[in-house]
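> For the record, the sequence lines run as chains A and Y.
In terms of this note's numbering, the first sequence opens at residue 1 and continues consecutively.
In terms of this note's numbering, the second sequence opens at residue 1 and continues consecutively.
A portion of the hints provided could be inaccurate.
[Unchecked claim] Some chain A residues near chain Y, calculated using beta-carbon distances under 7 Å:
1. 44
2. 55
3. 58
4. 62
5. 87
6. 105
7. 151
8. 188
[Stated by the list, open to error] No more than 20 Å apart at the CA atoms, straight line, and that leaves these computed lysine to any residue pairs for SDA-like:
9. A/46 <-> Y/128
10. A/46 <-> Y/55
11. A/46 <-> Y/123
It is worth saying that the hints were derived from the structure and are not from the lab.
Ideal Cβ placement from N, Cα and C applies to all residues, glycine included.
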Amino acid sequence: MGPETAGTHRYRRSPLAGRGARGGGAAGPPPPPDEVLARRAALGDKDAFSQLVERHGPSLHRYAYGLLGDAQDAEDCLQEVVLSAWRAFPSFRGDASVRTWLYVLARHQVHKQRAARAVAPAGGGRPPLDVDEVAEQVRDTRPGPGEENVEAALLAALEAALRLLPERQRTAWVLREVEGLSYAEIGVVLSTTTSTVRGLLERARATVASTLEEWR
Amino acid sequence: MSEQPAARGGAGPGGVPGAGAELAARAALLLRQHTDAGWVAVRESVVSRALHAFRPSAPVRGRHAAGDYFVASDVLVAALRRAVDLVPRVAATRITCTTGEDDELDDVVVELVAAYGVRLLEVAGQVHAVAREVLGDLLGPLAPAAERIRTHVHLGDVSDDPRVVG
Numbered sequence: 001m002g003p004e005t006a007g008t009h010r011y012r013r014s015p016l017a018g019r020g021a022r023g024g025g026a027a028g029p030p031p032p033p034d035e036v037l038a039r040r041a042a043l044g045d046k047d048a049f050s051q052l053v054e055r056h057g058p059s060l061h062r063y064a065y066g067l068l069g070d071a072q073d074a075e076d077c078l079q080e081v082v083l084s085a086w087r088a089f090p091s092f093r094g095d096a097s098v099r100t101w102l103y104v105l106a107r108h109q110v111h112k113q114r115a116a117r118a119v120a121p122a123g124g125g126r127p128p129l130d131v132d133e134v135a136e137q138v139r140d141t142r143p144g145p146g147e148e149n150v151e152a153a154l155l156a157a158l159e160a161a162l163r164l165l166p167e168r169q170r171t172a173w174v175l176r177e178v179e180g181l182s183y184a185e186i187g188v189v190l191s192t193t194t195s196t197v198r199g200l201l202e203r204a205r206a207t208v209a210s211t212l213e214e215w216r
Numbered sequence: 001m002s003e004q005p006a007a008r009g010g011a012g013p014g015g016v017p018g019a020g021a022e023l024a025a026r027a028a029l030l031l032r033q034h035t036d037a038g039w040v041a042v043r044e045s046v047v048s049r050a051l052h053a054f055r056p057s058a059p060v061r062g063r064h065a066a067g068d069y070f071v072a073s074d075v076l077v078a079a080l081r082r083a084v085d086l087v088p089r090v091a092a093t094r095i096t097c098t099t100g101e102d103d104e105l106d107d108v109v110v111e112l113v114a115a116y117g118v119r120l121l122e123v124a125g126q127v128h129a130v131a132r133e134v135l136g137d138l139l140g141p142l143a144p145a146a147e148r149i150r151t152h153v154h155l156g157d158v159s160d161d162p163r164v165v166g
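Chain A with its partners taken away, still in its complex shape (with noise of 0.2 Å):
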């Protein structure tokens, strides 16, 4: 920063109501939506800040989690998400929301954290695993006859399914299916055009639900 523009703060003045406002309880107003919080991070509101990683932290810790498969991978990733949102919040233009902006961050981390740990080969490609393997593991998670913990058996299987899916096909999957992010937002994310997000998609669910089918 030249010493002419020093201290300054800019923040793309935003819609007034934001899409990543989230409906409140049933008592009080609506907390604020992303836009007014990351305003008001930028201008050093610490509360406003907790505000949105609370909001946002656990869909983060989600995702990095699924790509990591480690708890300690994932808690250093969150801590430098959230970190370099705190340190970039100023420089925030607001040309994509506030939620995307997150995972863009969030996305870039994990790549870090995988190159320097050698989990996956550069350039994306698909993990070195072995599709019996994998379809092994997940026929070893369907339940037992009168076994209750369905639900997190079906989570493990899930989990091996996408243990298949190369790392775009897999952030594109989890965004859409269980984030609920648009496409145009997963292309944001991912860096690519929505009919490229389209089609990774199709070929996550292809994957997916192939996969699955062992699990019945």
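Since the structure of chain A is provided, determine the placement of chain Y on it from the hints.
Using the frame of chain A, we list chain Y on its own:
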């Protein structure tokens, strides 16, 4: 293909969801509703560490009888935002500080969103006054004087949403 989850969009033949696609949709719903124990365990420390981290910020020179000192522009901006928050029915959307020679503060721009129907000139005067007071407190004699420093109040938006201008 529409932007619908797989089970509704149809992953099976003829657009009819297959059993695998239905299971995938069910599992996705479970995952969405799942309270991540990992997040619960780390959330406090994650936020706390971030908020204690240094935010890149330029120095702004202040002056005291005992000598000059520096205040981070980030601190100035946060103090201005807190002061503007006390002005009813208006909120800061952007605050820009510009320094000149010797890191002295030359210019401050406070952009606002104001509640619909508010008297804009009155609000602008109030914000101008609190901004000068804050800068005087933080920078001492080097705070921008009215005849030397331009302090702009730009009303960039209006709203009737109390969450925005509360």
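> Each hint needs a verdict: does it hold in this structure or not?
Comparing the hints with the structure gives:
1. 44: holds (3 Å)
2. 55: The hint is violated - residue 55 of chain A has no Cβ within 7 Å of chain Y, the shortest such distance being about 11 Å.
3. 58: Result: holds, 5 Å to nearest chain Y Cβ.
4. 62: At 5 Å from the nearest chain Y Cβ, residue 62 of chain A passes the 7 Å test, so the hint holds.
5. 87: This interface hint holds because 5 Å falls under the 7 Å limit.
6. 105: violated (12 Å)
7. 151: holds (5 Å)
8. 188: violated (15 Å)
9. A/46 <-> Y/128: Given that 20 Å is the threshold and the Cα spacing comes to 24 Å, the pair is violated.
10. A/46 <-> Y/55: The hint holds at about 12 Å.
11. A/46 <-> Y/123: The hint is violated at about 25 Å.
Hint compliance for this structure: hints 2, 6, 8, 9 and 11 are broken, all remaining hints hold.
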